[in-house]
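**Student:** Spelled out from the first residue to the last, the chains are:
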Amino acid sequence: MKLPLSYKFLNHDLDIIESELLYTVKADHPVLRAASTQLLKAGGKRIRPVFVLLAAKFGHYDLEKIKHVASSFELMHMASLVHDDVIDDAELRRGHETINAKWDNRVSMYTGDYMFARALEILSVIQNPKAHLILSNTIVELAQGEIEQLKDQYNLDQNFRNYLRRIKRKTALLIASSCHLGAIVADAPADYQKALAKYGYYIGMSYQIIDDILDFTATPEKLGKPAGSDLFQGNITLPVLYKLEDTSFKQRLASSFEQSRGQAVVSKDLADIVEEIKQSDVIEKSFRVSELYLQKAYKQLEVLPQSKAKKALMDIAKYIGKRSY
Amino acid sequence: MIDLDPKFIQKIKDHIIQFADEKFGDIKREPVLSEDKILFLDTILDYSDNLARKEKEQIIQAIMYVQTALDIHDFVSIHSYKHDQINQQKQMNVLVGDLLSGKFYHNLSRVEYIDLIEVIAGAIRTINERKMMIYHSDIHSIEHLIEEMKEVESAIVIHVAEYFKMTEHHDVIKNWLLMKRLFLELKTYAQEQKSAVITLLSQSNNEDDVIRMVENMIPGIMIRLESLIQSLPLHLNELRMFLMNELKRISQKQGILLEEG
Chain A
1 MKLPLSYKFL NHDLDIIESE LLYTVKADHP VLRAASTQLL KAGGKRIRPV
51 FVLLAAKFGH YDLEKIKHVA SSFELMHMAS LVHDDVIDDA ELRRGHETIN
101 AKWDNRVSMY TGDYMFARAL EILSVIQNPK AHLILSNTIV ELAQGEIEQL
151 KDQYNLDQNF RNYLRRIKRK TALLIASSCH LGAIVADAPA DYQKALAKYG
201 YYIGMSYQII DDILDFTATP EKLGKPAGSD LFQGNITLPV LYKLEDTSFK
251 QRLASSFEQS RGQAVVSKDL ADIVEEIKQS DVIEKSFRVS ELYLQKAYKQ
301 LEVLPQSKAK KALMDIAKYI GKRSY
Chain B
326 MIDLDPKFIQ KIKDHIIQFA DEKFGDIKRE PVLSEDKILF LDTILDYSDN
376 LARKEKEQII QAIMYVQTAL DIHDFVSIHS YKHDQINQQK QMNVLVGDLL
426 SGKFYHNLSR VEYIDLIEVI AGAIRTINER KMMIYHSDIH SIEHLIEEMK
476 EVESAIVIHV AEYFKMTEHH DVIKNWLLMK RLFLELKTYA QEQKSAVITL
526 LSQSNNEDDV IRMVENMIPG IMIRLESLIQ SLPLHLNELR MFLMNELKRI
576 SQKQGILLEE G
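In order, the protein sequences belong to chains A and B. Heads up: the first sequence is residues 1 to 325, going by the working numbering. Heads up: the second sequence is residues 326 to 586, going by the working numbering.
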């Protein structure tokens, strides 16, 4: 199942948003322009703009207005990715060279700040304080989620609650806000707004859990980076948390972290641990948690009237449950 | 009537430093917060009659959040290090900046100043365009570099002043902040051998000559400032007196002779 097929009816509007995005990052300085454009052209599923547009379909859909919200979400997301790559010293993203690898960290910092500014500039067209309050709160939470992730690196005494709070901040809230703002800006009825925000939240949780599973199970070609990269960086995700219930595994991981921390090359021990996780039942257990969130997402859609947009939201949920990269 | 209150300036400064400390206690390098920028923002917002004190405080805090965010992002090391202390410092500088940018947006959303968000976002865009120009050495002369630095230093305050329709002291703000920036660059260079300006200019000049060039520029800026401050309109009298006294104090400390002096 291919994701774009389920919302083919939005293709024209998404093309407009794509042009809008490229126009928005036409900076005066050639390097700033090239870096921003490269980020956008590297692709991505544009899932946040899609959620904004689909949610807006439950109210008074006005593309001239809603396109600003959709573009802003993508720019905010891109700004956070380019800074993430500096944090992780990443050299590849989606198989393409990162901005920090092609230029350097300084160019990445300026590009991220520039994109954040452009996102705010185009979003200011929307004179709705509630919408800005929701998004700005999400941006603060997103940064706090990143900080928690950094502070929790190599910490093997985390619990499931830590993990869920972290992915909520890191991923789910931005998707929830994209659905919420789409509905708010289109003046959708209050109960639709609430249901769409919750749908986005549950979808976001499920999406991130699957992402964390795929980090172990997908091929490096599909991931655009080596499998197990999260664990190599000390990030404890759901499959690892399940595996940590086994105390002998916990000891082995602790000693492996001790040896490989600070090393440029991943130790054989750690590579074996990644393989062990991949082959164990923790992958299935993690899928089940993701599935629980998906079920909650479906439940929220029951409030909404039948429409192409509702069907697309259901299809996206199905796709997330089955995606392989 | 402008009401200068040093306690208010200190309160804003303390608030941001405390916030950064709570979130990033292990950060080695504290953000450098410009009291001058808080002072100018304070005078600009005083000029707007319809702002309650609490609201004024929230707006200045928000603006200083984003100013600090941009300054901190300049500290992000350009080098890559694997999992050591320097790497963690780099990561924290990225994150503290991002969090402060988010706080700026959140604060102004809370007081419903959507137009001001747009204005400041415009300033951030300009700043990053100009920083990129400086970083990539697309600069023709020292005068050009100083001009770009002046714009980077003052962009946010000037954009806010324009938003509140206060345009009489733009030149004072620009030159004052430039003077302070040059002092800071010289001080940082003397203490840590780190200065973006001196490093950049040293690419095509002898380092000692560059330091002398920057030192020699400061008296000229101060003399220009003296005349600009004296020409400030009457309703900015308190600001005029404050800046004149401060300028005299700096000139005495630096051994620079002003026209009056």
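Some hints could be false.
[What the hints assert, rightly or not] Beyond 12 Å from chain A on every Cβ pair, some chain B residues (computed):
(1) I334
(2) V357
(3) D440
(4) Y460
(5) T492
(6) V497
(7) N500
(8) E510
(9) I548
[To be verified] Listing some non-contacts, in silico: residues in chain B with all C-beta distances to chain A over 10 Å:
(10) L424
(11) H465
(12) Q516
(13) G545
(14) S576
[What the hints assert, rightly or not] Derived SDA-like pairs (lysine to any residue); straight-line CA-CA distance at most 20 Å:
(15) A:K26 with B:T451
(16) B:K348 with A:K102
(17) A:K26 with B:M458
(18) A:K130 with B:L441
(19) A:K151 with B:Q413
(20) A:K130 with B:K348
(21) B:K348 with A:Q144
(22) B:K475 with A:Q153
(23) A:K26 with B:I459
(24) A:K222 with A:Q279
(25) A:K102 with B:D399
(26) B:K348 with A:G59
(27) A:K168 with B:H431
(28) B:K379 with A:L133
(29) B:K348 with A:D28
(30) B:K381 with A:L133
(31) B:K348 with A:D84
(32) A:K102 with B:L441
(33) A:K102 with B:K379
(34) A:K151 with B:T451
(35) A:K130 with B:Q413
(36) A:K130 with B:R435
(37) A:K102 with B:D440
(38) B:K348 with A:R106
(39) B:K512 with B:V357
(40) B:K519 with A:R106
Hints are computed from structural coordinates only; laboratory data are not their basis. Note that the Cβ used here is the ideal one computed from N, Cα and C, for glycine as well.
**Student:** Each of the hints needs a verdict: does it hold here or not?
**Tutor:** Verification of the hints:
The beta carbon of I334 (chain B) sits about 25 Å from the closest Cβ of chain A, which is more than 12 Å, so the claim that it is off the interface holds. For V357 (chain B), the requirement that its beta carbon stay farther than 12 Å from each beta carbon of chain A is met, with the minimum near 17 Å. D440 (chain B), annotated as away from the interface, has a beta carbon of chain A within 12 Å; the closest lies near 7 Å. At roughly 6 Å, the least C-beta separation between Y460 (chain B) and chain A is not larger than 12 Å, which violates its mark as non-interface.
For T492 (chain B), the shortest C-beta to C-beta distance to chain A comes to about 22 Å, beyond the 12 Å cut-off, and the non-interface label holds. Separation of V497 (chain B) from chain A is adequate, the least Cβ-Cβ distance of about 26 Å exceeding the 12 Å criterion. At roughly 25 Å from the closest C-beta of chain A, the C-beta of N500 (chain B) stays outside 12 Å, upholding its exclusion from the interface. Non-interface status of E510 (chain B) relative to chain A is upheld: no Cβ of that chain comes within 12 Å, the nearest being about 17 Å off.
Taking the minimum C-beta to C-beta distance to chain A, about 33 Å, the non-interface status of I548 (chain B) holds against the 12 Å cut. Some Cβ of chain A comes within 10 Å of the Cβ of L424 (chain B); the nearest lies about 4 Å off, and the non-interface call is violated. The claim that H465 (chain B) lies off the interface holds: its Cβ sits roughly 15 Å from the closest Cβ of chain A, which is beyond the 10 Å cut-off. For Q516 (chain B), the shortest C-beta to C-beta distance to chain A comes to about 22 Å, beyond the 10 Å cut-off, and the non-interface label holds.
The claim that G545 (chain B) is not at the interface with chain A holds, since no C-beta of that chain comes within 10 Å of its own (minimum 29 Å). Separation of S576 (chain B) from chain A is adequate, the least Cβ-Cβ distance of about 35 Å exceeding the 10 Å criterion. Taking the CA atoms of K26 (chain A) and T451 (chain B), the gap is near 13 Å; set against the 20 Å cutoff, the hint holds. A threshold of 20 Å between alpha carbons decides the hint, and for K348 (chain B) with K102 (chain A) the separation of about 31 Å lies outside it, so the pair is violated.
This hinted pair checks out: K26 (chain A) and M458 (chain B) have alpha carbons roughly 15 Å apart, not beyond 20 Å. The hinted pair formed by K130 (chain A) and L441 (chain B) meets the criterion: a straight-line CA distance of about 16 Å does not exceed 20 Å. Under the criterion of a C-alpha separation no larger than 20 Å, the hint pairing K151 (chain A) with Q413 (chain B) is consistent with the structure, at around 10 Å. Taking the CA atoms of K130 (chain A) and K348 (chain B), the gap is near 26 Å; set against the 20 Å cutoff, the hint is violated.
Only pairs whose Cα atoms come within 20 Å are accepted, and K348 (chain B) paired with Q144 (chain A) is accepted, the gap being roughly 9 Å. Annotation: proposed proximity of K475 (chain B) to Q153 (chain A) is violated, straight-line Cα distance about 40 Å (limit 20 Å). Simply put, K26 (chain A) and I459 (chain B) have alpha-carbon atoms about 19 Å apart, close enough for the 20 Å limit, and the pair holds. The suggested pairing of K222 (chain A) with Q279 (chain A) holds, with an alpha-carbon distance near 19 Å, which does not exceed 20 Å.
A distance of roughly 19 Å separates the Cα atoms of K102 (chain A) and D399 (chain B); the hinted pair therefore holds under the 20 Å criterion. At roughly 40 Å between alpha-carbon atoms, K348 (chain B) and G59 (chain A) are farther apart than 20 Å, so this suggested pair is violated. The straight-line distance between the Cα atoms of K168 (chain A) and H431 (chain B) is roughly 19 Å, inside the 20 Å bound, and the hint therefore holds. A distance of roughly 18 Å separates the Cα atoms of K379 (chain B) and L133 (chain A); the hinted pair therefore holds under the 20 Å criterion.
In summary, the hint linking K348 (chain B) to D28 (chain A) is not supported, as the alpha carbons are separated by about 35 Å, beyond the 20 Å threshold. Taken as a hint, the K381 (chain B) and L133 (chain A) pair is honoured in the structure, with Cα atoms around 18 Å apart against an allowance of 20 Å. This hinted pair checks out: K348 (chain B) and D84 (chain A) have alpha carbons roughly 18 Å apart, not beyond 20 Å. Proximity of K102 (chain A) to L441 (chain B) is assessed by CA-CA distance (about 35 Å); at most 20 Å being required, the pair is judged violated.
A threshold of 20 Å between alpha carbons decides the hint, and for K102 (chain A) with K379 (chain B) the separation of about 46 Å lies outside it, so the pair is violated. Straight-line distance between C-alpha atoms of K151 (chain A) and T451 (chain B) comes to about 33 Å, which puts the hinted pair past the 20 Å bound. A C-alpha spacing of about 36 Å is found between K130 (chain A) and Q413 (chain B), which places the hinted pair above 20 Å, so the restraint is violated. Under the criterion of a C-alpha separation no larger than 20 Å, the hint pairing K130 (chain A) with R435 (chain B) is consistent with the structure, at around 9 Å.
The straight-line distance between the Cα atoms of K102 (chain A) and D440 (chain B) is roughly 36 Å, outside the 20 Å bound, and the hint therefore fails. In summary, the hint linking K348 (chain B) to R106 (chain A) is not supported, as the alpha carbons are separated by about 23 Å, beyond the 20 Å threshold. The suggested pairing of K512 (chain B) with V357 (chain B) holds, with an alpha-carbon distance near 13 Å, which does not exceed 20 Å. Note on K519 (chain B) and R106 (chain A): the hinted pairing holds, with a Cα-Cα distance of about 16 Å set against a maximum of 20 Å.
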